[in-house]
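Engineer: Please take these sequences and the hints and turn them into a complete structure.
Heads up, the sequence shown is in the UniProt record's numbering, so the first residue is 1 and it goes up one at a time.
Derived from the structure by calculation, the hints contain no laboratory data. Among the clues, some could well be false.
As the list claims (entries may be wrong) - Think about it this way: if two alpha-carbon atoms lie no more than 25 angstroms apart in a straight line, the pair counts; the simulated DMTMM-like pairs of lysine to aspartate or glutamate are:
{"hint": "1", "residue 1": "Lys-52", "residue 2": "Glu-31"}
{"hint": "2", "residue 1": "Lys-595", "residue 2": "Asp-661"}
{"hint": "3", "residue 1": "Lys-32", "residue 2": "Asp-110"}
{"hint": "4", "residue 1": "Lys-590", "residue 2": "Glu-549"}
{"hint": "5", "residue 1": "Lys-22", "residue 2": "Glu-65"}
{"hint": "6", "residue 1": "Lys-84", "residue 2": "Glu-38"}
{"hint": "7", "residue 1": "Lys-690", "residue 2": "Glu-616"}
{"hint": "8", "residue 1": "Lys-358", "residue 2": "Glu-308"}
{"hint": "9", "residue 1": "Lys-52", "residue 2": "Asp-67"}
{"hint": "10", "residue 1": "Lys-32", "residue 2": "Asp-115"}
{"hint": "11", "residue 1": "Lys-73", "residue 2": "Asp-197"}
{"hint": "12", "residue 1": "Lys-152", "residue 2": "Asp-139"}
{"hint": "13", "residue 1": "Lys-584", "residue 2": "Glu-654"}
{"hint": "14", "residue 1": "Lys-19", "residue 2": "Asp-67"}
{"hint": "15", "residue 1": "Lys-32", "residue 2": "Asp-113"}
{"hint": "16", "residue 1": "Lys-84", "residue 2": "Glu-65"}
{"hint": "17", "residue 1": "Lys-32", "residue 2": "Glu-118"}
{"hint": "18", "residue 1": "Lys-84", "residue 2": "Asp-115"}
{"hint": "19", "residue 1": "Lys-32", "residue 2": "Asp-93"}
{"hint": "20", "residue 1": "Lys-590", "residue 2": "Asp-531"}
{"hint": "21", "residue 1": "Lys-70", "residue 2": "Glu-164"}
Only a predicted model underlies this, so the values are computations on that prediction, with no experimental measurement involved.
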Amino acid sequence: MSATGCFGSLCMRNLKHVKLIKSCYPRREGEKGPRSSELSYLTFYASSRPAKLTKVGRYLQYKVERDIYKGRKQNNQVSLSIIKALIQSCHHDLNLFSKWVVRILNKTLDTRDSDLVELSCETFVIFCNYHDGSTLGIDPGFTSDFEALLQKFADFCNYANEDEDYALRMQYIGHRGLQAAVTSSAVHASDFSTQLDIILPALLQTLIVSGEAGSRLEKTETIATKEGEGGLTRGAIEALAAQSTGILFSKSNGAAVRMALGLVYTFADDNGQWWPPDRVVSTMELILDSVQQQYRYLLVSETLQQLEISNTLERSYFNDKHSCLISVLDTVLNADNAPLVGVSVLEVLNVLFTLLVKSLHVTSFRQELPADQNDRQAVFEYVIHQGIIHSIGGLASQNYYQNQLDDMAGYIIAKLRASTTLEHVDGLPIQVYRRVALICLDQLVGAEHTSAVVVDTPSGRSISSTGLSTPPENIISAASWTSAVSLLTDKQPETRLDFARSLIRYLDITAPSPEAISGPYPVHLLTQHTDVVFVNSLHHTIISGVQKEDFQAGDSQALYLILCSLTRRFTVDAAIRTVPLIFKLQDMVKDGSIKNVTIQRAVIASIVEWLGMIAEYFHIENLGEYITRIRQQLQEANAWTSTIFSGQLPSTAEAKFSTDDANNPTPVTVYVDRHVVVEQLTNEGQLRDKHDTHGLELESKLYVEWGSQAFANHERSLRIRASQDIPDHKPKLANPWTSPEPKCIPGVKKETINVENLKEALVAPPQQQQQSGSSSNGSVATSVPTDAGGAGAGASRRSSLRKNDVNAFLHELQLEQNMHSTHSLVNPPYNDWK
1 MSATGCFGSL CMRNLKHVKL IKSCYPRREG EKGPRSSELS YLTFYASSRP AKLTKVGRYL
61 QYKVERDIYK GRKQNNQVSL SIIKALIQSC HHDLNLFSKW VVRILNKTLD TRDSDLVELS
121 CETFVIFCNY HDGSTLGIDP GFTSDFEALL QKFADFCNYA NEDEDYALRM QYIGHRGLQA
181 AVTSSAVHAS DFSTQLDIIL PALLQTLIVS GEAGSRLEKT ETIATKEGEG GLTRGAIEAL
241 AAQSTGILFS KSNGAAVRMA LGLVYTFADD NGQWWPPDRV VSTMELILDS VQQQYRYLLV
301 SETLQQLEIS NTLERSYFND KHSCLISVLD TVLNADNAPL VGVSVLEVLN VLFTLLVKSL
361 HVTSFRQELP ADQNDRQAVF EYVIHQGIIH SIGGLASQNY YQNQLDDMAG YIIAKLRAST
421 TLEHVDGLPI QVYRRVALIC LDQLVGAEHT SAVVVDTPSG RSISSTGLST PPENIISAAS
481 WTSAVSLLTD KQPETRLDFA RSLIRYLDIT APSPEAISGP YPVHLLTQHT DVVFVNSLHH
541 TIISGVQKED FQAGDSQALY LILCSLTRRF TVDAAIRTVP LIFKLQDMVK DGSIKNVTIQ
601 RAVIASIVEW LGMIAEYFHI ENLGEYITRI RQQLQEANAW TSTIFSGQLP STAEAKFSTD
661 DANNPTPVTV YVDRHVVVEQ LTNEGQLRDK HDTHGLELES KLYVEWGSQA FANHERSLRI
721 RASQDIPDHK PKLANPWTSP EPKCIPGVKK ETINVENLKE ALVAPPQQQQ QSGSSSNGSV
781 ATSVPTDAGG AGAGASRRSS LRKNDVNAFL HELQLEQNMH STHSLVNPPY NDWK
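Structural biologist: What follows is the structure, given as structure tokens:
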């Protein structure tokens, strides 16, 4: 039934609410707004009699429809003011007339009059402040009217008109209305997906078209509720849309966030907004900043899911959608102060590495941006490859759990397949596969980190390292590299150099600063057993590598740089353990284990250069002067190499021996005197411990032959050794509720309980059990032997007797079984505890 049919001219004369409403309208020309006293009376009447609110709303709808038809703009403005007053005064009973409010706003928005539409928007804002959405989904008519109202505001958000000022004003009104809707609790009350389909595309149209949402995020908190003195601008509208988007995601739970993210990607896909990626990326950055912390990981999972879906639909891995999605993932994982709580680190790492490997099936790895920016395919390759690598680094830069970096490094190092003999892995040549894995490993190490941290050493001293940005417990441990050090002897020179470069970079980044280790006594850093194993594995690999026939100049430089980095990382401990190694290498040159004279000269040069580094690192001038003389003698004897030992490894093309080196048949005739080196190292006192006053302990360590039994004993001295009889002294759990099996006494038949005598055993008098308990107690008193060992007995004999005594005592010990009740089969021992 229509409102006009309900309210005829005769019906409306005598209705009190009609009279009250009519009295609120101005009676003279030029008056604006409702009459205040009459409006107060109307609101009092409605609030005191809530049942009349339905009739009041129905009549106001009838009044607005007639005024719109007759063009009474002033009356419609008054009607909207009346509705605002009724909402504010009767908001507890808003559901009684909310249907009529929504219908009235739908009518006034259809007028397209800017003043009336703006007043309608203000009324809707007040309505949303009190509307809880409890009737949405229950009343189909009201639900459809409310969704139609939201759609009208969404259409205003991208309103187009020849008059730019009018268009901006209508867009501003539309965004204000949508912001009121997302602020209201009604958006999550009923069918969230339907309202989301209306609201979010309108916001995304404004954000993605402009592409400036991310940069305007800081301004969203200070947006005025109306246009400023200079009028509306496009930037203010974009900022308002960004603020509304932030509010929408900040109030959404996990399911709602997942749904909204899917809608964002669908919008970008339908409207072709993937490239350039900055528009979508800035919007996703805004969402990341707005969403609740426990739901941020959904941005990663949803983006990865979109990548997986697009991979199944399209054959090419290099297109605008893939590039944009990788850019989004890169931005999310590398965002500052945005921890992704709940993200599965290893799963994300596995997906990223798999994507990288799949992309290399199509093209080679691209490390540099192409010079021709118009080559879209080359640009896509660069964005995808570098985006995945940088995403892996971002995943490692945020601390989600303890030992996270060790787990990630272990995953990548396992991908190196150090022990495999396969030529291809996952469809790629093993050399390419390892190179990409090492690039990912470099990202985990993080050369760009320069903030200082404090590392606590076992001796209590603090070492400041300028190469670390993560807490000490999250540094990649040296043990993670142990399984891959055999790559230093790989048959591919490129692989050897790439791995050596990554290893050197890791050791340099984790090395303490020289100022931190300066002092009268050395600081020992090689105290963990896993670190000792790593150093030993590295030394054994070096011994194997120098004996290979394809040993090149680049390998000799890698040998020198690895020993230098190892010394800077573990300081004194690494230097002491490396001295036996270098003289083992020198002996291999002397006895002909290294047959190629070119390799011999390169190995001796590496030894001499490392000793020179030691003299400079520990400030031992005499040793430095001695090494300088040795270097000059080798050069004069034409037994020096032309390889330049710099701080960087050469490229693969420059890693071979020069022609002069290869054609030089001169063998090495000048060697380093070990006695002189040991004397210089011990006399200066830079490597001596506080208790080693005369350097005798240090001298014994430096004179140890590599690989000898003394060297093995020195290795074991760093480990924690367990005594062989410790397990025998460990406390053992025993069950006090069960009695030990009694010894067999000759002539006494053991009483057993079986099926035949079970009934008699259950009804036996307590005296028999007491007597049996007394006899068992007596056996305890007579079965404990005395200690037969004297004061002069050996420790092993006393230990054995003591263990036998305790075992005998525990075996014979029985608890009293005094039974106070015949109604229970359980005799708790605490009955007789005093």
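Engineer: Each hint: holds or not?
Structural biologist: Against the structure, the hints:
1. For the suggested pair Lys-52 and Glu-31, the alpha carbons sit about 28 angstroms apart, so the restraint of at most 25 angstroms is broken.
2. Simply put, Lys-595 and Asp-661 have alpha-carbon atoms about 15 angstroms apart, close enough for the 25 angstroms limit, and the pair holds.
3. Proximity of Lys-32 to Asp-110 is assessed by CA-CA distance (about 22 angstroms); at most 25 angstroms being required, the pair is judged to hold.
4. Restraint check: the Cα-Cα separation between Lys-590 and Glu-549 comes to about 17 angstroms, which is no more than 25 angstroms; the hinted pair holds.
5. Proposed proximity of Lys-22 and Glu-65 is supported: the alpha carbons are some 15 angstroms apart, at most 25 angstroms.
6. Simply put, Lys-84 and Glu-38 have alpha-carbon atoms about 15 angstroms apart, close enough for the 25 angstroms limit, and the pair holds.
7. Between Lys-690 and Glu-616 the CA atoms are separated by roughly 22 angstroms; this keeps the pair inside 25 angstroms, and the hint holds.
8. Taking the CA atoms of Lys-358 and Glu-308, the gap is about 12 angstroms. The hint holds against a cut of 25 angstroms.
9. Restraint check: the Cα-Cα separation between Lys-52 and Asp-67 comes to about 22 angstroms, which is no more than 25 angstroms; the hinted pair holds.
10. About 13 angstroms separates the Cα atoms of Lys-32 and Asp-115, which keeps this hinted pair within 25 angstroms; it holds.
11. With a C-alpha separation of about 33 angstroms, the suggested pairing of Lys-73 with Asp-197 is violated against the 25 angstroms cut-off.
12. Distance restraint check for Lys-152 and Asp-139: the Cα-Cα separation of roughly 20 angstroms lies within the 25 angstroms cut-off, and the hinted pair is therefore satisfied.
13. Restraint check for Lys-584 and Glu-654: the C-alpha separation of about 28 angstroms exceeds 25 angstroms, so the hint is violated.
14. Proposed proximity of Lys-19 and Asp-67 is supported: the alpha carbons are some 17 angstroms apart, at most 25 angstroms.
15. Restraint check for Lys-32 and Asp-113: the C-alpha separation of about 17 angstroms stays at or below 25 angstroms, so the hint holds.
16. In summary, the hint linking Lys-84 to Glu-65 is supported, as the alpha carbons are separated by about 18 angstroms, within the 25 angstroms threshold.
17. Restraint check for Lys-32 and Glu-118: the C-alpha separation of about 16 angstroms stays at or below 25 angstroms, so the hint holds.
18. For a cut-off of 25 angstroms, the pair hint linking Lys-84 to Asp-115 stands: about 16 angstroms separates their Cα positions.
19. Of the pairs offered as hints, the one joining Lys-32 and Asp-93 is violated, with about 28 angstroms between alpha carbons and a cut-off of 25 angstroms exceeded.
20. At roughly 31 angstroms between alpha-carbon atoms, Lys-590 and Asp-531 are farther apart than 25 angstroms, so this suggested pair is violated.
21. The suggested pairing of Lys-70 with Glu-164 is violated, with an alpha-carbon distance near 29 angstroms, which exceeds 25 angstroms.
The structure shown violates the earlier hints numbered 1, 11, 13, 19, 20 and 21.
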